[in-house]
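Asker: Letter by letter, the chains look like this.
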Amino acid sequence: MVATPVPTAETTAPRTPAVRRGRRRRRRLETRDIIVLSVVVGLTVIIDLALIWGTSIASIFLSFTAYEGIGTPRYVGTTNYHNLFTIDPTFWPAFEHNVLWLAFLGLVATPLGLLMAVLLDRQLRFSRFYQSSLYLPVTLSFAVVGFLVQLVGSADQGVINAILGRTHGNGIDFIGNPHLNIWLALAFAGWRHTGYVMIIYLAGLKSVDPALKEAAIVDGASPVQTFFRVVFPTMRPINVIILVITVIEALRAFDLVYVINGGRNGLELLAVMVVDNIIGEASRIGYGSAVAVILLILTTGFVITYLTQILRREESR
Amino acid sequence: MTTVATDASSTDGRPATRPGRQVPVHKHRTRPARMVLHAFLWFMAILWILPIFLLLYASLRPYAETQKDGYFSLPHKLNLDYYSQAWTGGSMGRHFLNTLYVAIPGVIITLFLASFLAFALTRVKIPFRRTLLVLFTAGNLLPPQIIVTPLYTLYYNVHLPTWLSSSGSVYDTYFGVILIHVAFQTGFCVFVLYNYMLTIPIELTEASIVDGASVWRQYWQVILPVIRPALGALATLEFTWIYNDFLWALVLMTTGDKYPITTSLNNLKQSLYINNNLLAAAAMIVALPSLVVFFALQKQFISGLTLGASKG
Numbered sequence: 001m002v003a004t005p006v007p008t009a010e011t012t013a014p015r016t017p018a019v020r021r022g023r024r025r026r027r028r029l030e031t032r033d034i035i036v037l038s039v040v041v042g043l044t045v046i047i048d049l050a051l052i053w054g055t056s057i058a059s060i061f062l063s064f065t066a067y068e069g070i071g072t073p074r075y076v077g078t079t080n081y082h083n084l085f086t087i088d089p090t091f092w093p094a095f096e097h098n099v100l101w102l103a104f105l106g107l108v109a110t111p112l113g114l115l116m117a118v119l120l121d122r123q124l125r126f127s128r129f130y131q132s133s134l135y136l137p138v139t140l141s142f143a144v145v146g147f148l149v150q151l152v153g154s155a156d157q158g159v160i161n162a163i164l165g166r167t168h169g170n171g172i173d174f175i176g177n178p179h180l181n182i183w184l185a186l187a188f189a190g191w192r193h194t195g196y197v198m199i200i201y202l203a204g205l206k207s208v209d210p211a212l213k214e215a216a217i218v219d220g221a222s223p224v225q226t227f228f229r230v231v232f233p234t235m236r237p238i239n240v241i242i243l244v245i246t247v248i249e250a251l252r253a254f255d256l257v258y259v260i261n262g263g264r265n266g267l268e269l270l271a272v273m274v275v276d277n278i279i280g281e282a283s284r285i286g287y288g289s290a291v292a293v294i295l296l297i298l299t300t301g302f303v304i305t306y307l308t309q310i311l312r313r314e315e316s317r
Numbered sequence: 318m319t320t321v322a323t324d325a326s327s328t329d330g331r332p333a334t335r336p337g338r339q340v341p342v343h344k345h346r347t348r349p350a351r352m353v354l355h356a357f358l359w360f361m362a363i364l365w366i367l368p369i370f371l372l373l374y375a376s377l378r379p380y381a382e383t384q385k386d387g388y389f390s391l392p393h394k395l396n397l398d399y400y401s402q403a404w405t406g407g408s409m410g411r412h413f414l415n416t417l418y419v420a421i422p423g424v425i426i427t428l429f430l431a432s433f434l435a436f437a438l439t440r441v442k443i444p445f446r447r448t449l450l451v452l453f454t455a456g457n458l459l460p461p462q463i464i465v466t467p468l469y470t471l472y473y474n475v476h477l478p479t480w481l482s483s484s485g486s487v488y489d490t491y492f493g494v495i496l497i498h499v500a501f502q503t504g505f506c507v508f509v510l511y512n513y514m515l516t517i518p519i520e521l522t523e524a525s526i527v528d529g530a531s532v533w534r535q536y537w538q539v540i541l542p543v544i545r546p547a548l549g550a551l552a553t554l555e556f557t558w559i560y561n562d563f564l565w566a567l568v569l570m571t572t573g574d575k576y577p578i579t580t581s582l583n584n585l586k587q588s589l590y591i592n593n594n595l596l597a598a599a600a601m602i603v604a605l606p607s608l609v610v611f612f613a614l615q616k617q618f619i620s621g622l623t624l625g626a627s628k629g
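Heads up: the sequence lines are chains A and B, in that order.
Under this note's numbering, the first residue of the first sequence carries the number 1, and numbering increases by one thereafter.
Under this note's numbering, the first residue of the second sequence carries the number 318, and numbering increases by one thereafter.
For the record, the hints were derived by calculation from the structure and aren't laboratory data.
A portion of the hints provided could be inaccurate.
As the list claims (entries may be wrong) - Label-pair ranges, simulated between beta-carbon atoms:
1. L364(B) to W92(A): 53 to 61 Å
2. I366(B) to V39(A): 45 to 53 Å
3. Q538(B) to L311(A): 47 to 55 Å
4. W480(B) to S127(A): 28 to 36 Å
5. H82(A) to K442(B): 47 to 55 Å
6. L119(A) to R447(B): 58 to 66 Å
7. P444(B) to T308(A): 37 to 45 Å
8. Q225(A) to L395(B): 48 to 56 Å
Said to hold, decoys possible - The list that follows gives simulated cross-link-like pairs (lysine to aspartate or glutamate, DMTMM-like), each with its CA atoms no further than 25 Å apart:
9. K385(B) to D528(B)
10. K586(B) to D489(B)
11. K586(B) to D156(A)
12. K442(B) to E30(A)
All residues carry an ideal CB built from backbone N, CA and C; glycine is no exception.
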């Protein structure tokens with residue numbers, strides 16, 4: 001770089017805008033630069049705006065219409081919402097299952113992942129093996145996990161029944177029983193979520209300044225106190241990320257139950273209702289959109305929390 | 318290699334302080350506690366591996382045998398019969414190929430667009446930087462089900478000439494599935510690469526600007542080689558995610574023969590529902606690329622995940 005002789009026209013170029021625009025010390029963009037930037041950045045922004053944001057907003061509009069996918073949408077006011085809340089027998093069970101899903105991930109799987117990260121964040125024999133085992137399910141798809149649920153829970157050949165010694169026609173149907181299947185699905189959703197949380201917290205714990213922990217221990221704090229009063233609060237950015245990931249995972253839960261039994265009979269979820277209204281017997285675009293809007297409302301608060309954090313950090317930069 | 322800030326604190330901070338202060342205390346007092354800890358960790362590790370192990374074990378055994386003795390019995394016969402049966406019975410070769418049609422362009426386009434945008438955000442100071450960053454980061458956080466219904470409607474109604482799409486619209490084309498993967502995944506990658514590029518010294522591009530390099534040359538010859546580790550990590554992660562995707566193809570395609578492998582599992586379940594062991598073999602085949610990522614690319618996968626998080 002240094003050896004390259006710099007043409008005189010270019011040497012003055014960085015200075016001219018600096019004089020003209022004060023703090024700008026960059027080279028003025030040439031026409032070809034502006035073309036490249038507009039085309040590539042423009043294309044990326046258009047794809048994102050149209051397919052993610054455009055469709056999100058379209059969801060809201062469509063939710064106030066009756067639309068079967070052909071013809072034009074017909075405005076029906078809040079009828080779709082009214083029907084959802086009062087008539088549709090699957091809505092409230094689905095809603096409750098999503099809440100249960102969130103509670104299970106948030107109160108069981110996430111704390112377990114954090115606990116495992118804390119236990120494994122030190123020089124320990126077999127630490128790599130422990131970490132890898134917990135992380136194993138994270139690379140698997142939920143569709144494959146759905147097959148696992150089948151293998152573990154089926155009435156006549158399932159693993160749980162084999163453990164319980166119920167192998168000769170008296171097996172418990174963990175898949176078919178609408179009060180049991182949700183718990184089996186949750187156990188496997190948590191199985192995958194725990195490893196995910198552990199990985200992110202392991203990285204988070206490494207970024208905590210060890211001097212902080214030292215200081216707390218010198219001050220006579222127990223390891224538990226040190227963790228909850230010092231380490232955990234300093235990981236606030238990570239905690240927010242984990243919170244958002246947990247909420248999104250709970251609301252988008254779909255593949256697992258869909259592979260098990262199509263998301264029926266005790267495994268109803270909001271995301272399944274959305275899909276069933278598209279590819280079910282009748283495509284009811286407006287009605288499915290109303291369910292999607294409820295998902296959107298449930299998500300918004302958490303996403304805003306996360307974005308506030310990013311913006312605050314950007315400002316401090 | 319990837320998380321500059323975290324690596325520094327863990328390598329020069331921790332080992333220096335740990336042995337001096339804590340090890341002697343632990344040696345005397347907490348031996349039994351250590352044993353309890355290891356017992357607990359072994360229990361967890363085995364519990365976590367067990368389902369996959371059972372899947373593998375079941376897939377290798379004849380159904381008649383497990384039916385008689387149960388899944389926890391010792392094997393009399395182990396073979397790969399169910400694997401070949403699942404492979405041909407489920408036309409899995411074709412579905413794997415379908416996955417590649419989606420995943421390869423999907424990953425390449427996503428990484429190209431995301432890295433260029435991150436470059437433009439950090440180096441060129443394009444207008445609306447903060448708005449763009451929020452737009453892309455937030456877009457990635459929405460549950461896909463929020464947008465799937467209008468997307469389906471959109472794809473169904475955007476017409477393509479029949480030489481491009483047999484359905485006459487974007488619906489039921491690989492193009493449509495690739496496009497939504499790109500749109501959805503670009504958000505995450507922009508966020509990760511944006512943070513990664515902030516850690517690269519500004520002098521690097523500054524020097525090339527003095528040389529009169531165009532924006533494209535700064536991106537292609539200066540930035541791309543430097544961010545290669547992050548791109549490797551993201552490529553691993555994105556490939557896994559696109560490979561694992563079940564929803565998009567299910568809703569945006571209708572021809573079962575065109576389904577990528579993960580989506581085709583739902584149909585395989587019906588066509589292979591002869592016995593659980595055959596299904597287990599099919600699931601193992603589908604899980605195989607995930608397991609390759611797990612064993613061979615663990616470092617890339619994890620750093621891809623934590624790159625986004627630890628810089629947050």
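Asker: Hints the structure violates: just list their numbers, smallest first.
Answerer: 1, 3, 4, 6, 7, 9
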